[in-house]
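Produce the entire structure from the sequences given, and follow the hints as far as they go.
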Amino acid sequence: MTTDTVSATGGAGRAAETQWDLWEVFTQEGEGAPHEHAGSVHATTAEHAMQNARDVYARRGKVVSLWVVPTGAIIASAPSDAGPLFDPGNDKAYRHPQFYKTPRGVRGL
Amino acid sequence: MSRESGIGNRDSGNGSADGWVAGAKPATATSGVVENPFFEYLLRLADDRLVLGHRLSEWCGHAPILEEDIALANIALDLIGQASLLLKLAGEVEGKGRSEDTLAYFRDAIEFRNAQLVELPNGDFAATIIRQFLFDAWDVLVLERLTAASNQSLAGIAAKALKEAKYHLRHTAEWVRMLGDGTAESHARAQRALDDLWPYSAELFLSDAIDAEAVASGSGVDVESLRARWRQTVDRVLGEATLTVPKDGFAPRGGRTGRHTEHLGRMLADMQSLARAHPGAAW
Chain A
1 MTTDTVSATG
11 GAGRAAETQW
21 DLWEVFTQEG
31 EGAPHEHAGS
41 VHATTAEHAM
51 QNARDVYARR
61 GKVVSLWVVP
71 TGAIIASAPS
81 DAGPLFDPGN
91 DKAYRHPQFY
101 KTPRGVRGL
Chain B
1001 MSRESGIGNR
1011 DSGNGSADGW
1021 VAGAKPATAT
1031 SGVVENPFFE
1041 YLLRLADDRL
1051 VLGHRLSEWC
1061 GHAPILEEDI
1071 ALANIALDLI
1081 GQASLLLKLA
1091 GEVEGKGRSE
1101 DTLAYFRDAI
1111 EFRNAQLVEL
1121 PNGDFAATII
1131 RQFLFDAWDV
1141 LVLERLTAAS
1151 NQSLAGIAAK
1161 ALKEAKYHLR
1171 HTAEWVRMLG
1181 DGTAESHARA
1191 QRALDDLWPY
1201 SAELFLSDAI
1211 DAEAVASGSG
1221 VDVESLRARW
1231 RQTVDRVLGE
1241 ATLTVPKDGF
1251 APRGGRTGRH
1261 TEHLGRMLAD
1271 MQSLARAHPG
1281 AAW
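First to last, the sequence lines map onto chains A and B.
Under this note's numbering, residues 1 to 109 are what the first sequence spells out, in order.
Under this note's numbering, residues 1001 to 1283 are what the second sequence spells out, in order.
Just so you know, not all the hints are guaranteed correct.
Under 8 Å between C-beta atoms, here's a sample of chain B residues computed to sit facing chain A [stated by the list, open to error]:
| # | residue |
| --- | --- |
| 1 | 1065 |
| 2 | 1071 |
| 3 | 1080 |
Lysine-lysine pairs mimicking BS3-like chemistry, simulated, CA-CA at most 25 Å apart [said to hold, decoys possible]:
| # | chain 1 | residue 1 | chain 2 | residue 2 |
| --- | --- | --- | --- | --- |
| 4 | B | 1247 | B | 1163 |
| 5 | B | 1096 | B | 1166 |
| 6 | B | 1163 | B | 1088 |
| 7 | A | 62 | B | 1247 |
| 8 | A | 62 | B | 1096 |
| 9 | B | 1160 | A | 62 |
Not everything, but these chain A residues come out facing chain B in the computed CB check (under 7 Å) [as the list claims (entries may be wrong)]:
| # | residue |
| --- | --- |
| 10 | 37 |
| 11 | 41 |
| 12 | 52 |
| 13 | 55 |
| 14 | 59 |
It should be emphasised that the hints constitute simulated quantities derived from the structure, not laboratory data.
Please read all numbers here as calculations on a predicted model, not as lab measurements.
We put the beta carbon where it would ideally sit given N, CA and C, even for glycine.
Okay, here's the thing in structure tokens:
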């Protein structure tokens, strides 16, 4: 891939014609917790993807919510972009909260 | 499911002296006289689930795609779990010291009380899905009623099982739509499975004196009264799936009194072989 951003599989359904579309599954393990990436499933429709996600990733745990997203809808950064995108953050100490001293008397931080 | 192999002995249970005559006293193929009708009633509920659960488990490792392999195994485990609870309760109700394992593994086919629909071989994937869908649509209605059973243990089991059954129905209804409204081949296979299996669904709505006694005691379901609602669900989903509802006609029956197709015995030989080779084994 030469573009700056790449779709994670190059588009839903393009992987192989005999395969169903790929969907990414996100699970939430409690009220207020973040939805975290759990894995992926193959499915033909959104409802089908939801059911497969439930059966594969939510049958044993304490999952309270599921998201399924067509893999092709995810825009991923390219490995070659790692330098420009992520390196600049590390050389400026004042960008980290630890750089600042907490004033006396401040509670709840 | 190939037509050549046949899916059931269509002549089985087609007699008139099989205990289904209105007002006849409860009788079974094994004993002739029923000592404990509620025990018999619980066996009917349990055996549907045990047998169908085992049939579904035969797909494990063979389903068309990994996700569906897991889905079918999940449903199988749900059904076997329900059967285990119901057989445990049945053993207590019987009061002869038989555990759920004894009841599952040390009864012969003639002592099983499941409807014939659930013992039929899996056939192809369409047949498995159609059979499961016809059962699930019925099962949800039965369990809804049983949550109000006067027997608290049974009501509790039904409440737990109902959550599972609602998901089973959601899953199989979606598959019926996908197969029926899919390719020409998936449509043809689904329609053929529906035509083959439809006659067996009638037995789910038959009742005899054992059912009537359970209903009278507040712990049974009048299955006949569920038929209209079942048809609503089934007709709607089959319509969305562009499948044609078969006409009602000859309907095999007899499973509830121990008259089964030749397929159940073979299935039990497989299911029970380990427990019978090593009685009392633990792991």
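| Hint check against the structure, violated hint numbers in rising order | Hints 3, 4, 5, 7, 8 and 10 not satisfied by this model.
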